[in-house]
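So you can see what is in the structure, the chains are spelled out below.
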Amino acid sequence: MPELRLANVSKYYGETLAVDNLSLTIADGEFVCLLGPSGCGKTTALRMIAGFETVDKGSIHLDGEDITRKPPQLREIGLVFQHYALFPHMTVAENVGYGLRVRGKSRAFINGEVANALALVRLGELGARYPAQLSGGQQQRVALARALAIRPRLLLLDEPLSNLDAKLRDDMREEIRNIQRKVGITAIFVTHDQSEAFGLSDRVAVMSFGKLQQIAAPAAVYESPASIQVGSFIGSINDFKGEVAAVDGASVRVDIGGGIVISGSAAHARQGATVTAVVKQERITLSPERPAAGDNVFPCRIGTRTYLGSTICYRCEAEGFSFGVIVPNNPHFAQFETGQPAVAHWSGSDCHVFM
Amino acid sequence: MREILAAGRWLYLIAIYAFVVGPMLFVCAASLNSAANFPANFDGITFKWYEAILKYPEFTRAAWVSALVALVSSIIAVAAAFLAGYGMFRSDRKESVVLSTVLASPILVPQIVLSLATLQFLALFGVSSGLAGLVAVHTVHSLPFALRLVLSGFSRYNFSLEEASANLGAGRLTTWWQVTMPLLKANLIAGFTFCFILSFVNLPISLFLTDARTATLPLVMFAHLEARIDPMLPAVASIIVIAAAVTTILLERYLRIRLVD
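Top to bottom, those sequences are chains D and S. Taking this note's numbering, the leading residue of the first sequence gets 1, the next gets one more, and so forth. Taking this note's numbering, the leading residue of the second sequence gets 356, the next gets one more, and so forth.
Keep in mind the hints are simulated off the structure, nothing from the lab. As the structure is a prediction and not an experimental result, all values here were calculated from the model. Keep in mind that a hint or two might mislead.
[To be verified] Calculated Cβ distances over 10 Å to all of chain D for the following chain S residues:
(1) Ala-525
(2) Gly-526
(3) Val-534
[Claimed, not checked] To give a feel for the contact side, a few chain D residues facing chain S, derived at Cβ under 10 Å:
(4) Pro-71
(5) Arg-75
(6) Val-102
(7) Ser-106
(8) Ala-108
(9) Ala-143
(10) Ala-334
[What the hints assert, rightly or not] Chain D is faced by these chain S residues, among others (derived, beta-carbon under 8 Å):
(11) Pro-412
(12) Glu-413
(13) Thr-415
(14) Ala-519
For every residue, glycine included, the Cβ atom is placed at its ideal position computed from N, Cα and C.
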């Protein structure tokens, strides 16, 4: 069964290391997102899997076969391009049938497969149109149908939703996931959009500076980030730099200066080490009154209030430091006006401390 | 004041058309003149000069030589321009600029020098020119023009289509045939037609490279002109002008291809 295995893959662009010692195994039928900021190497990694970039070090195996140096046209891997890359001089049906045509399949076979692929993406009636006559979402579907028509061993998607508007993006995301399940194909999806990655994947691979930072189920990446890069890239966060003042098992007390001490959790912290404590903005609670007990209780004043519709963002000024808080726009949660006093508090287990 | 400007603009336009189109119309008219001299006062309409061409085997022979040289040199020039343009745009390296300048440089050399240089270059290897030398020099002369037209096509060409094609299982030749060339069709055909016409009518670059068997049409016309001036020359010229005009119009009309951007 198709299984993709990258072993110690590196790619240099001149002196810069675009992909740094990437090792990754993706199981048959799995949907994995490569998530990271632009320039993190995720697209380069995808292009190496597709065969459009040479691999400087390491190897890529698909289904037990070493494909590291195999030319792209022999890899049997489908790729959906960010800007679709549909052939403008061919109709939708000709685009979808292209891969089968260059394989020398019979006309009857191609017609049948094209009809299946177009039905799969719900474009059955548009086969005779040209790409320029289609909307962005329809072009995206044609690109998907074209990649699937060759019955590839692996499906790669390079930020396929980034050119669509928000509503369409949500619909297409659902649809891609459904089609992938239906076909049962192994898929790798490159994106910089976290909610896209979380919504689609079985596992999310977070990359930054060419390195794989963490690969885990979406909830694990979100709840227990493995590194400061993951912790600060995922979600809206506050980060406090400081020094470890006390260690008690997994719980750590971090002195961030000015007599302020924050409790957090870390795997192996060392007394006196310079660290960063990271807490997600929605994990901070704002109350009018001081809570009876708990870690990290800081009286503060609302500096700015930003109304975002489904949530409200507060910038809170405590004595000696400030932080952001996101509160759901819901009457069950206390809301504040600019300049009002409040008490912020968060659990030590929501505050991750990184070396 | 405004009227004067408007009148000036009209004069300017008329002058341009008069000098561009006028001589060609004059040549066509002269080819139908029954007077035995050229130029001469108009004497009556006749097609005898066109018939006369057929009786001069050196004219028809030279026309075939010119057509063959133009055909082969234009195909080679466009193919070379396609490969060069593909490489330049695909690699995106700074050497591309140097390469495009080098390939365009024949345009800067006086054509008669190009002819003489080719003769000497071939003599260096003890090769007599023949048709091959003629085709070579015409190709070199056409290349800059072919390159300009083909490069303008590549500048609008989306190279991710090449990757899409490879990803779907096509080798490079299949991709060129199925994707690249169809999308650059207009530029390739325009380049070919332009080069063909340039080659067909060119006199100086063939000058030192022909013998009796390989004389091109412009050379034969020139030789004929030195011997005597009769309306047969305008007749030959008219055929060329009309053929070029018809080709250009057909290309624009039916393939929406413009020879000049």
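Exercise. Verify the interface restraint on Ala-519 (chain S): the C-beta must sit less than 8 Å from at least one C-beta of chain D.
Key: holds (4 Å)
Quiz item: Is the nearest Cβ of chain D still more than 10 Å from the Cβ of Gly-526 (chain S)?
Solution: Non-interface label on Gly-526 (chain S) violated, nearest chain D Cβ at 6 Å vs cutoff 10 Å.
Practice problem: Identify whether the interface hint at Val-102 (chain D) stands, where standing means a beta carbon of chain S within less than 10 Å of its own. | Solution: holds (4 Å)
Quiz item: Can we keep the Ala-334 (chain D) interface hint, with Cβ of chain S closer than 10 Å?
Solution: Interface hint status for Ala-334 (chain D): violated (52 Å vs cutoff 10 Å).
Self-check item: Residue hint Pro-412 (chain S), partner chain D, criterion CB-CB below 8 Å
Solution: violated (46 Å)
Quiz item: Would the hint on Ala-108 (chain D) stand, with a C-beta cut-off of 10 Å toward chain S?
Solution: Where the cut-off is 10 Å and the nearest Cβ of chain S is about 19 Å from Ala-108 (chain D), the hint is violated.
Quiz item: Does the no-contact call for Val-534 (chain S) survive, Cβ to all of chain D over 10 Å?
Solution: Incorrect as stated: the minimum Cβ-Cβ distance to chain D is 6 Å, not above 10 Å.
Self-check item: Interface hint compliance - Thr-415 (chain S) to chain D, C-beta minimum distance less than 8 Å
Solution: This interface hint is violated because 41 Å lies over the 8 Å limit.
Practice problem: Closer than 10 Å between Cβ atoms is the bar; does Pro-71 (chain D) clear it against chain S? Give me holds or violated. | Solution: Holds, because the Cβ-Cβ distance from Pro-71 (chain D) to chain S comes to roughly 8 Å (cut-off 10 Å).
Quiz prompt | Hint status (Cβ of Glu-413 (chain S) to nearest Cβ of chain D, threshold 8 Å) | solution = At 46 Å from the nearest chain D Cβ, Glu-413 (chain S) fails the 8 Å test, so the hint is violated.
Quiz item: Taking the closest Cβ pair, is Ala-143 (chain D) under 10 Å from chain S?
Solution: With a minimum Cβ separation of about 8 Å from chain S (threshold 10 Å), the hint on Ala-143 (chain D) holds.
Quiz item: Ala-525 (chain S) clear of chain D by more than 10 Å, beta carbon to beta carbon?
Solution: violated (4 Å)
Hint violations for this structure: numbers 1, 2, 3, 7, 8, 10, 11, 12, 13, all remaining hints satisfied.
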